[in-house]
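Asks: As a plain string of letters, each chain reads:
There are 2 protein chains.
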Amino acid sequence: MAKAIPTRDEDYSLWYNELVKKAGLAENSQVRGCMVIKPYGFAIWEKMQRQLDQMFKDTGHENAYFPLFIPKSFLSREADHVEGFAKECAVVTHYRLKTDEDKKGVVVDPDAKLEEELIVRPTSETVIWDSYKNWIQSYRDLPLKINQWANVVRWELRTRLFLRTAEFLWQEGHTAHATQQEAVEETEQMLGVYADFVENFMAVPVIKGVKTPSERFAGAVETYCIEAMMQDKKALQSGTSHFLGQNFAKAFNVTFASKEGKEEFVWGTSWGVSTRLMGALIMAHSDDDGLVLPPKLAPIQVVIVPIYKTDEELSKITEVVDKISSDLKANGISVKFDDRDTHKPGWKFAEYELKGVPARIAIGPRDLENGTLEIARRDTKEKSIVELENVLNYIKDLLDEMQKSIFNKALDFRNENTYEANSYDEFKELVEKGFVYAHWDGTDETEEKIKEETKATIRCIPLDQKKEDGKCVFSGNPSIGRVLFAKAY
Amino acid sequence: MAKAIPTRDEDYSLWYNELVKKAGLAENSQVRGCMVIKPYGFAIWEKMQRQLDQMFKDTGHENAYFPLFIPKSFLSREADHVEGFAKECAVVTHYRLKTDEDKKGVVVDPDAKLEEELIVRPTSETVIWDSYKNWIQSYRDLPLKINQWANVVRWELRTRLFLRTAEFLWQEGHTAHATQQEAVEETEQMLGVYADFVENFMAVPVIKGVKTPSERFAGAVETYCIEAMMQDKKALQSGTSHFLGQNFAKAFNVTFASKEGKEEFVWGTSWGVSTRLMGALIMAHSDDDGLVLPPKLAPIQVVIVPIYKTDEELSKITEVVDKISSDLKANGISVKFDDRDTHKPGWKFAEYELKGVPARIAIGPRDLENGTLEIARRDTKEKSIVELENVLNYIKDLLDEMQKSIFNKALDFRNENTYEANSYDEFKELVEKGFVYAHWDGTDETEEKIKEETKATIRCIPLDQKKEDGKCVFSGNPSIGRVLFAKAY
Numbered sequence: 001m002a003k004a005i006p007t008r009d010e011d012y013s014l015w016y017n018e019l020v021k022k023a024g025l026a027e028n029s030q031v032r033g034c035m036v037i038k039p040y041g042f043a044i045w046e047k048m049q050r051q052l053d054q055m056f057k058d059t060g061h062e063n064a065y066f067p068l069f070i071p072k073s074f075l076s077r078e079a080d081h082v083e084g085f086a087k088e089c090a091v092v093t094h095y096r097l098k099t100d101e102d103k104k105g106v107v108v109d110p111d112a113k114l115e116e117e118l119i120v121r122p123t124s125e126t127v128i129w130d131s132y133k134n135w136i137q138s139y140r141d142l143p144l145k146i147n148q149w150a151n152v153v154r155w156e157l158r159t160r161l162f163l164r165t166a167e168f169l170w171q172e173g174h175t176a177h178a179t180q181q182e183a184v185e186e187t188e189q190m191l192g193v194y195a196d197f198v199e200n201f202m203a204v205p206v207i208k209g210v211k212t213p214s215e216r217f218a219g220a221v222e223t224y225c226i227e228a229m230m231q232d233k234k235a236l237q238s239g240t241s242h243f244l245g246q247n248f249a250k251a252f253n254v255t256f257a258s259k260e261g262k263e264e265f266v267w268g269t270s271w272g273v274s275t276r277l278m279g280a281l282i283m284a285h286s287d288d289d290g291l292v293l294p295p296k297l298a299p300i301q302v303v304i305v306p307i308y309k310t311d312e313e314l315s316k317i318t319e320v321v322d323k324i325s326s327d328l329k330a331n332g333i334s335v336k337f338d339d340r341d342t343h344k345p346g347w348k349f350a351e352y353e354l355k356g357v358p359a360r361i362a363i364g365p366r367d368l369e370n371g372t373l374e375i376a377r378r379d380t381k382e383k384s385i386v387e388l389e390n391v392l393n394y395i396k397d398l399l400d401e402m403q404k405s406i407f408n409k410a411l412d413f414r415n416e417n418t419y420e421a422n423s424y425d426e427f428k429e430l431v432e433k434g435f436v437y438a439h440w441d442g443t444d445e446t447e448e449k450i451k452e453e454t455k456a457t458i459r460c461i462p463l464d465q466k467k468e469d470g471k472c473v474f475s476g477n478p479s480i481g482r483v484l485f486a487k488a489y
Numbered sequence: 001m002a003k004a005i006p007t008r009d010e011d012y013s014l015w016y017n018e019l020v021k022k023a024g025l026a027e028n029s030q031v032r033g034c035m036v037i038k039p040y041g042f043a044i045w046e047k048m049q050r051q052l053d054q055m056f057k058d059t060g061h062e063n064a065y066f067p068l069f070i071p072k073s074f075l076s077r078e079a080d081h082v083e084g085f086a087k088e089c090a091v092v093t094h095y096r097l098k099t100d101e102d103k104k105g106v107v108v109d110p111d112a113k114l115e116e117e118l119i120v121r122p123t124s125e126t127v128i129w130d131s132y133k134n135w136i137q138s139y140r141d142l143p144l145k146i147n148q149w150a151n152v153v154r155w156e157l158r159t160r161l162f163l164r165t166a167e168f169l170w171q172e173g174h175t176a177h178a179t180q181q182e183a184v185e186e187t188e189q190m191l192g193v194y195a196d197f198v199e200n201f202m203a204v205p206v207i208k209g210v211k212t213p214s215e216r217f218a219g220a221v222e223t224y225c226i227e228a229m230m231q232d233k234k235a236l237q238s239g240t241s242h243f244l245g246q247n248f249a250k251a252f253n254v255t256f257a258s259k260e261g262k263e264e265f266v267w268g269t270s271w272g273v274s275t276r277l278m279g280a281l282i283m284a285h286s287d288d289d290g291l292v293l294p295p296k297l298a299p300i301q302v303v304i305v306p307i308y309k310t311d312e313e314l315s316k317i318t319e320v321v322d323k324i325s326s327d328l329k330a331n332g333i334s335v336k337f338d339d340r341d342t343h344k345p346g347w348k349f350a351e352y353e354l355k356g357v358p359a360r361i362a363i364g365p366r367d368l369e370n371g372t373l374e375i376a377r378r379d380t381k382e383k384s385i386v387e388l389e390n391v392l393n394y395i396k397d398l399l400d401e402m403q404k405s406i407f408n409k410a411l412d413f414r415n416e417n418t419y420e421a422n423s424y425d426e427f428k429e430l431v432e433k434g435f436v437y438a439h440w441d442g443t444d445e446t447e448e449k450i451k452e453e454t455k456a457t458i459r460c461i462p463l464d465q466k467k468e469d470g471k472c473v474f475s476g477n478p479s480i481g482r483v484l485f486a487k488a489y
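Heads up: the protein sequence lines correspond to chains A and B, in order. Once you know that position 29 of the first sequence is 29 in our numbering, the rest is easy, because the numbers rise by one and skip nothing. Once you know that position 440 of the second sequence is 440 in our numbering, the rest is easy, because the numbers rise by one and skip nothing.
Isolated chain A (complex conformation) (with noise of 0.2 Å):
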C-alpha cells in the first residue's frame, strides 16, 4: 500500500508538502518555522555536504566554526548589512530561568538580563570579518579562505519545508583577498563549483547570473547566483556568492599591510547553500509516485525485493543477493536487501518509489530457475529482465544513464518552458508559463512594478548575455540586453 499523495497537477504545493513527509524527509517540529529533518532526508544532505565540502577543499579552502551569537551592536556597523539582516531575528536577552513562585514550571530570572542583546546569526559576515581583524596583518596572510557548516536563523513568518524555515543548516564560505580581482575571480570560482555541483550531483540544470542592484545580498558590491526551473515551471534561486568589495573590511577595520609596505584594507567574498537545495532536489524530478533522486544523491542506489512464499525460497533467493549485494557494494554502490516479512512485495515497491530508490531488482523462484532478475528504473519505470552473471555492469551502466537521463529530462523541460518577450502583453502572458528573458531599462522602479503588476521578479542577468540592443518590455526605455525574469519560490 503506498501511503498516497496528491497529484502534481491537483495542487503541486500539497503534493510537496505531502511528499516531504511521506517520503520521511522532514517535518513540522512543534517550534514554530522550526523543522525535524528526518533520517532519510538527513542521509540525502550529507551525501550534499560530503561532495560539496571536498569541492570547497579541493579549490583550498579550510573549515572552522564561529559563535552563534551575534553581539547586536555588530549588525550596525555595516549599514546596508543591518538595513538587510536585523529585522526579523532570534533575540537572546536572558541568560537564565528560574523556577516560577507556584512551582509548576520555569520562568524568565528578570536578574539575568543581558548587558547587550545577543542575535542568533542569520549569517556570519559581522562575527567572522571581527575574526579576521586579527587574523590578518600582512599579505603573507592573505588570501584567508574559510568555510563553516552551521545552523542559521531568520524569522519567516511564512514557513515552507526546506524552502522557508526559520532555522535551516548551511554552509557559509568567507574569504579575504589582496586585491580586488583575485577577490573577484574567488567569487566567480565559487558560482562555478555551485552550478557544478547543482547540475552534475543534483542533476538539475541552472542559469548563472547576478542579481539586480535591489536583489543583492546586504553589504555585497555584486550578488551571483544560480536559478533552476522547478516543475511548476517558478524559479529558485539555487545559491549565491558575493563579492563584498571592501564593505566589511571597512566595518570592522581589517588592513594588511602589502608587499609594498602599505596599509590596504582586504578584499572580500561570502558564499552559500543551504538545505534549500533539498527543496529544488525534490521539486525539479519527482513524480506523483513520490521522490526521484539522481543517483549520485540517493543514500539507496539499488534495492533488492525477494519475491517469495517459503523459508526455502527464501534461503536460496538470499545466497543469490548475497553475492549480488558484496559485487555491488564493491564498487561503491549502496545496496539494501529487504527481506521483512511484515511486508508484501508491492507495498515495498511502493514504498521505495515514494523514496526515490533509483533502481530496483525484484527476485523470485522462476527467476532463479532462469538465472535472471527483474530490475526496475526509478524515473521512467521501465522494467528489463538482466541475466545474473550481468548485473553489476548492468546496475553501473544504468545509474550513470539514469544520472545523465534525469538531468537531460529536466534540461529539455527549462528549454520547452522559457520564452522571449518583446511587448508588456506578451510578457505578462508568458509570464505565467515560465521563464521569459526580455529587456529591462535597468531601473528598479521598472523592476518594481513589474514585480507588483505580473509577481515575477529579474531571477538574474545572465552571465552569458548576448549584447544586443532593445527597448525595455515595460518602459520602452533603451537596454543592452536581456534578463531572465520569472516568479520564484
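Just so you know, not all the hints are guaranteed correct.
[Claimed, not checked] Simulated DEER-style distance windows between Cβ atoms:
#, chain 1, residue 1, chain 2, residue 2, range
1, A, Glu-401, B, Glu-263, 42 to 52 Å
2, B, Ser-214, A, Glu-313, 50 to 60 Å
3, B, Lys-21, A, Lys-103, 44 to 54 Å
4, A, Glu-319, B, Gly-470, 54 to 64 Å
5, A, Gln-189, B, Thr-380, 36 to 46 Å
[What the hints assert, rightly or not] Some, not all, of what chain A presents toward chain B, calculated at C-beta under 10 Å:
#, residue
6, Cys-34
7, Lys-98
8, Asp-100
9, Gln-137
10, Pro-143
11, Thr-159
12, Arg-160
13, Arg-164
14, Ala-166
[Claimed, not checked] Stretch-level coverage of chain B by chain A, calculated; a stretch enters the list once three of its residues show a Cβ under 8 Å from a Cβ in chain A:
#, stretch
15, 22-31
16, 53-66
17, 90-96
18, 113-119
19, 124-133
20, 150-156
Just so you know, the hints here were simulated from the structure itself, not pulled from any lab data. Keep in mind it's a predicted model, so treat the numbers as computed, not measured. Even glycine gets a Cβ: it sits at the ideal position worked out from N, Cα and C.
For this one, chain A is given, so just place chain B on it according to the hints.
Replies: Frame of chain A, contents of chain B only:
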C-alpha cells in the same frame, strides 16, 4: 623562531591556554564564553567526527537534525531534567529588532515579544522525545537509533577553551527501545564505542564506570562515563552514556503497541561527546614545545622541510620530495611540503613541533648525495637517517609505533599516579597526587563532605570494580568496593 609557550611546570593552566591559541586551535571570541574554532583545530575535530560518525553508523545509528530552540514549557516536563538544565541557558524572548530612534543602531522591538520564550538547546532530549511521540506506534518502529551533530549552549560563568564554553559542538545520540534490557545494552555499547575511540584514536586510556546518583545526568536512571587522567593528574570526563529508563517516555507520552498488543512506554538512552575531547587530546599528550598528536588524528601526518641555499638545490630536492609525497599519499598518509622561502628551516621545525605534526622529514643537498634523509618523530624528538627507498615503510611503521607509544606513555603515567587509600589522612595526601581508589559508604553526604574538604569528587564506580568488603575512608561505614576519586576538570 617558535612562538614560545610557558612550560607545564611553570603554569599548567596557562601552558594549556597559550598552546591552544598559539597552535592555531581556537581562541576566545568577542561573544562572552563562545570560542572560535580555528582551521587547524577544526581539522582535528573533523577527523574525530568522521571516525565517530562511522562508528555510530556501524552500530546501526542514523543521523537526523532537530530544532535549535526548545519551547520553555518542554523543559519542565521531566522534573529532574528541568532542575539540571533550566538554570543557565540562553533565552530568546523577541524575534525582531528595529532602528533606534536616534538612527544610530538597532534596538529590540518591544512589539515583537514571543508568547512563549524559546531556550537555545542545552541538550535535546525534550525536543527529540516530543518528535518520537509521533514516530513510534508499534514494536515495528523500534529500536529507533538516532544521532545528531549539533551546537548546544550552556551559560557557563567560568569558561576555558574547549573544556568549558557557553556554546560547544557535540553529538547526541537518542535511542528508544522496546525493553529495558535492550536499552541498557545500548547504553553500554555506546560507552564501549566511546572508550574504543578515545583509547585507539585519541590514544588516551580511560576508566569506564557509572556515576554516583548525585552526578547523574538530569533525567537519567544511570549515567555511564569514561574518565581520563591529564598530565596535571586531574581527571577529565570524556564521554557519557545515559540509561533513561522510561522517564522521557512518560514525560512525553511515548508508548508503543507490543507484539502482544499491549500499550507500553518505551525505554530510552542518550549519549554524547563534545569538543571537550579536544581539550583531553591536547592536555593528555602535549609537551612544553607544543602539541603532540596521535597520528590517527593529525591533520598533517608528515611535513617535509627542504634545506637549501640555491634554487637549483631546491629544484633537485623537490624532484625527490614529489616522489616521496605521492608514495605516502597513495598509502593514505597526509603530507605537507613546506617550501616557503619566507621562513628558515629552524623556524619551520619549531612551528611544526608546536602544531604536533607526528613526523618531520628534513632533506638537503648532502642527503641527496647520500641517498638518505632525516626523519624526526614529534613525541620523543628522536631523529633517524633513512635511505630514500625505505621512506614509505619507515613512515608507515613509525606512525603505527607512535600511535601505540603515545597511548602507552599516557597509560604508564596514569598507572604511576594511581593509588589506593585506606585512611582519610592517607586519602587527603594521595588525592593531591593523582587518582585514588578508596572505599565509600554509598551516601551523598559523605561524597559531598569529601568534596568540600578535599575538592576531590567520585569520578565513577568502575565497571570492573572488585567486590571487596571494606570501610568507608571518610565515615568508617561498610563499603562493598573501592570507587575512583580525583580532582577533575
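Asks: I'd like to know which numbered hints this structure contradicts. Please list them from smallest to largest.
Replies: 9, 10, 11, 12 and 13
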